[in-house]
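Given next are the chains, with one letter for each unit.
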Amino acid sequence: MINEQLTNVFRGVFGDDTITLNDQTTADQIEGWDSMSHINLIIAIEIAFKIEFSNEEIRSFNNVGEMQKCIESKNQ
Amino acid sequence: MTNSDNLAYACLGRQIKNGLGDTSAFEWINNDLSKEEFSYNQIESNSNRIANILVNLGIIKGDRVSIFLPRSPELICSFFAILKSEAVACVLFSTFGESALLDRMNDNRTSLIITKKSLLKKILKIKDNLFNLRSILVIDIDEHLDSSILSLPKLLSNSPVDFKYAPRIEPDTPAFIQYTSGSTGKPKGAVHVHGAISSIKNSFIEVFQIKKDEIYWCTADPAWITGLVYGIMAPLATQTRQIQFAGNFNAEHWLKCLQEERVNVWYTAPTALRMLMQEEDEFFSRHDYTTLKRIYSVGEPLNPEVYRWAKRIFNCEVYDNFFQSETGSIMIANRPGIQVRPGSMGKPLYSINSVILDDEMNSANQGSQGKLCFKKGWPSMFITYMNKPELYAEKFSGNYYITGDLAVKDGDGYFWYVSRSDDVINTAGHLVGPFEVESALLEIEEIADVAVIGAPDAILHEKIVAYLCLKNSIEWSRALELKCRIKISNDISTTAIPQEYKIVSKIPKNRSGKILRRVLRAWYEGKDPGDLSTMEEQ
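Taken in sequence, the protein lines are chains A and B.
Letter by letter, the first sequence follows residues 1 to 76 of the numbering used here.
Letter by letter, the second sequence follows residues 1001 to 1538 of the numbering used here.
Simulated from the structure, these hints should not be mistaken for laboratory data.
Treat the hints with care, since some could be wrong.
As the list claims (entries may be wrong) - In silico SDA-like cross-links for lysine to any residue, where the CA-CA straight-line distance does not exceed 20 Å:
(1) B/LYS1121 x A/ASP16
(2) B/LYS1483 x A/GLY12
(3) B/LYS1121 x A/ASP28
(4) B/LYS1116 x A/ASN3
(5) B/LYS1487 x A/ASP17
(6) B/LYS1483 x A/ASP34
(7) A/LYS50 x B/ARG1478
(8) B/LYS1035 x A/ASP16
(9) B/LYS1116 x A/LYS50
Unchecked claim - Ranges of calculated distance between the beta carbons of each label pair, as one might list FRET restraints:
(10) B/GLU1280 x A/ASP23: 26 to 32 Å
(11) A/ARG59 x B/ALA1479: 20 to 26 Å
(12) B/ILE1474 x A/GLU52: 29 to 35 Å
(13) B/ARG1286 x A/ILE58: 33 to 39 Å
(14) B/LYS1164 x A/ILE58: 42 to 48 Å
(15) B/ALA1448 x A/GLN76: 38 to 44 Å
(16) B/SER1157 x A/GLN29: 24 to 30 Å
(17) A/ASN55 x B/GLY1411: 53 to 59 Å
(18) A/ARG59 x B/SER1512: 45 to 51 Å
(19) B/PRO1456 x A/GLN29: 21 to 27 Å
(20) B/PHE1283 x A/GLU52: 22 to 28 Å
(21) B/PRO1456 x A/THR26: 28 to 34 Å
(22) B/PRO1456 x A/ASN55: 28 to 34 Å
(23) B/GLU1394 x A/ALA48: 43 to 49 Å
Glycine residues also receive a C-beta, built at the ideal position from the N, C-alpha and C atoms.
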């Protein structure tokens, strides 16, 4: 399950309060999620969850579920 | 003046008249790589039905209609519908933010917008300030939201498939507007005409030299002049077999498109090639694209190392070329029949008179850097900037159009790009005006003053660098950087986000308050800023 905090990050970055996430959500399903806004998203997640992603991790996410798993592994 | 084909007739009606109605206009490939074939007849009837709706909503010749959609069959059909109704189309990037939309749609006095539900919220935020807007057509809602926000599917269900329009039209009739950025002020809308079709077709034939059974793919977004002219109009007008891919850059998807669609001729951008260069060679060996015969590239200079890499990896020739929103079609190109010189733009097209002029607008010496200019009068030349005739006039000197680019012509007639002659930033093929970015950043309460410049970048050609002067007691932080990035994304576009931020105590300006960008560029590159006598007192 995607937590509320991550959904709020997405809503803030993309300026859309209607965004809902699930593990299978990809960039194709969220308006404006391109390679440039992906960096915005990464910075916002790093600030919100007080973590840092490696370059390999940033490039490896295929969907929100993989992103969520990575965040959880860093917060353990 | 002899009439020309209406651009819609040249691309659709003429092919149908020639018996090609049931043949493929393009194969549409969705993000998930599912496919759908569209015939000329389908595009013709769908655009006819939308044209009927436009006319019923009061759109008349000369009205401006904006398309705010991601690349989609609906975008293509809407574009042709607008041309058929003799209104003027303006395709806007779906990544545009509210300020960018407001500036452009107020400048062109948009009467009607065609969009989709997920983008509608941006329009609703600015709707009350769009003074000429009468209707919004939404392609993916089933019911009208009110008397002005209308469901396109609902209207289509009662719209006839026939639409009568004059296939021949006065060539100087405005057809579409392409926005571009300048050093100062707001973006400028270059107005293009139906008579551009001869340049569009002839340049496509001369440069791409596509044979009957070859498959073509242009990766450019239709909101960019390349995507509109060479991604939609030119291939349709020349009965070229083509694919259209809905997605943005994705190395895996792109390679799959090349492989599975057996693409022969691929038109893309240096930034895309540089992004692909980041993949290991092993990634490419997993795909088979042996059908690929020619790659074309436009938007920024193609570095020799990228040229050599692409030629090695894809095992075919790579042809760079040059044109602008204002020129409407390719002016200078590498192409089959001319030996490619890596790093060069190539040679002018057959009908184009291209020169390098010095500061006094005299011919520059061979091999000397100067202003790249074209003798005016080619059919796809823009006819004005929307509401800015004085800026249009400034783009000409005597018989020559001044591109704003600096270049060199060598002894064999090849042209070599040097840089812009103004402050416009070319990032990933998008021209970004510093004023637009600075205006948005200045709205952030922590920022006291700002200036942006373009700096060399290994992937983007140029990246945007922002120099920020913060208000007293404000400290720079990642949170503030994020605020800047999101502000630019939401107001202008993700392509205009500064990639680097420098905090300074004062922005260098001259005594009349003009930002001294040359000083900032020198600071950035660690060079001597030169004469500072015009700089205001510290």
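For each hint, the structure was consulted:
1. B/LYS1121 x A/ASP16: Holds - the C-alpha atoms of A/ASP16 and B/LYS1121 are around 9 Å apart, at most 20 Å.
2. B/LYS1483 x A/GLY12: Holds, because 10 Å separates the two Cα atoms, which is no more than 20 Å.
3. B/LYS1121 x A/ASP28: holds, 18 Å
4. B/LYS1116 x A/ASN3: violated, 28 Å
5. B/LYS1487 x A/ASP17: holds, 16 Å
6. B/LYS1483 x A/ASP34: holds, 18 Å
7. A/LYS50 x B/ARG1478: Judged against 20 Å, a Cα distance of about 11 Å means the pair holds.
8. B/LYS1035 x A/ASP16: violated, 30 Å
9. B/LYS1116 x A/LYS50: With a Cα-Cα distance of about 36 Å, the restraint between B/LYS1116 and A/LYS50 is violated, given a limit of 20 Å.
10. B/GLU1280 x A/ASP23: 26 to 32 Å: Since the Cβ atoms of B/GLU1280 and A/ASP23 sit about 28 Å apart, the hinted range of 26 to 32 Å holds.
11. A/ARG59 x B/ALA1479: 20 to 26 Å: 24 Å Cβ-Cβ, so the 20 to 26 Å window holds.
12. B/ILE1474 x A/GLU52: 29 to 35 Å: Violated, since B/ILE1474 and A/GLU52 (Cβ atoms, about 24 Å apart) do not stay within the stated range.
13. B/ARG1286 x A/ILE58: 33 to 39 Å: violated, 22 Å
14. B/LYS1164 x A/ILE58: 42 to 48 Å: Since B/LYS1164 and A/ILE58 have Cβ atoms about 54 Å apart, the given range 42 to 48 Å is violated.
15. B/ALA1448 x A/GLN76: 38 to 44 Å: holds, 42 Å
16. B/SER1157 x A/GLN29: 24 to 30 Å: holds, 27 Å
17. A/ASN55 x B/GLY1411: 53 to 59 Å: Given range 53 to 59 Å: violated, Cβ gap about 45 Å.
18. A/ARG59 x B/SER1512: 45 to 51 Å: Since A/ARG59 and B/SER1512 have Cβ atoms about 47 Å apart, the given range 45 to 51 Å holds.
19. B/PRO1456 x A/GLN29: 21 to 27 Å: violated, 35 Å
20. B/PHE1283 x A/GLU52: 22 to 28 Å: For B/PHE1283 and A/GLU52 the Cβ distance comes to about 26 Å; the hint holds.
21. B/PRO1456 x A/THR26: 28 to 34 Å: holds, 33 Å
22. B/PRO1456 x A/ASN55: 28 to 34 Å: violated, 21 Å
23. B/GLU1394 x A/ALA48: 43 to 49 Å: holds, 48 Å
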